[in-house]
Amino acid sequence: MSKSLNTLIASLLLAGSGSSFAASSIDLSVRGLITPSACAPSLGNGGQFDVGKIAAKDLKVNEYTLIDEMLTQLTVTCEGPTLMAIEPKDNRAGSQVTGDPLDFGLGLINGNEKLGAISTLVEYATADGVAGRAIDSADGGVTWGRHRSLSPGQLTSVANTTTYAPIPVQVFETRMSVTVLIAPASSLTLTEEVPIDGSITLTVRYL
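All the letters of the sequence shown, read from the start, carry residue numbers -22 to -1, 1 to 185 under mature numbering (1 follows the signal peptide of the UniProt record, and there is no 0).
Derived from the structure by calculation, the hints contain no laboratory data. Quick caveat, the model's predicted, so the values are computed rather than measured. Fair warning: there could be bad hints in the mix.
With a straight-line Cα cutoff of 25 Å, these simulated BS3-like cross-link-like pairs (lysine-lysine) come out [stated by the list, open to error]:
hint	residue 1	residue 2
1	Lys38	Lys67
2	Lys92	Lys31
3	Lys92	Lys38
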């Protein structure tokens, strides 16, 4: 069961009779959990990264151009020890140019030209000040393994250094690098200024 930054989630279960005759009543039940501990994520510099203005002539013609690699601190602070994970959402889904499902998009220009991609790397994870390891799940938290990036459609949590299972944590910290790539200039129409417009939302999910 998962939960966003709100403190309440619920799922609806609709159950009916398996009889061959039509039933005269039906039950609707509302179920969920209210967690006593809420968590809040934060990023250094408020999550704002500005790569500045880039001259089109400085882009590689037939290769990706590495624009910048920025470092920041990702912190999740909870009111008490909590089983949680970070779920990233690509707000520019479908626009990443590398073909790697682990990357995020930089938006479309001129209607349908994919401008580039964002990749992330997380390392030096700690759980309440103790060295841990970043882990991820591609199946909604059923199974976990070691992984070192925040990726679309995957959950990222923290484990101790001997397991691959999420542990309750009050403060989760990790260094995160953000790498920006621009598509080959030969694939882009750059006769006018175009915006570099990547956007990723990080949401806390309760496990």
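Cross-check of the supplied hints:
1. In summary, the hint linking lysine 38 to lysine 67 is not supported, as the alpha carbons are separated by about 29 Å, beyond the 25 Å threshold.
2. At most 25 Å may separate the alpha-carbon atoms for a hinted pair to count; lysine 92 and lysine 31 meet this at roughly 18 Å.
3. Distance restraint check for lysine 92 and lysine 38: the Cα-Cα separation of roughly 15 Å lies within the 25 Å cut-off, and the hinted pair is therefore satisfied.
Violated hints amount to a single one, hint 1; each of the other numbered hints is respected by the structure.
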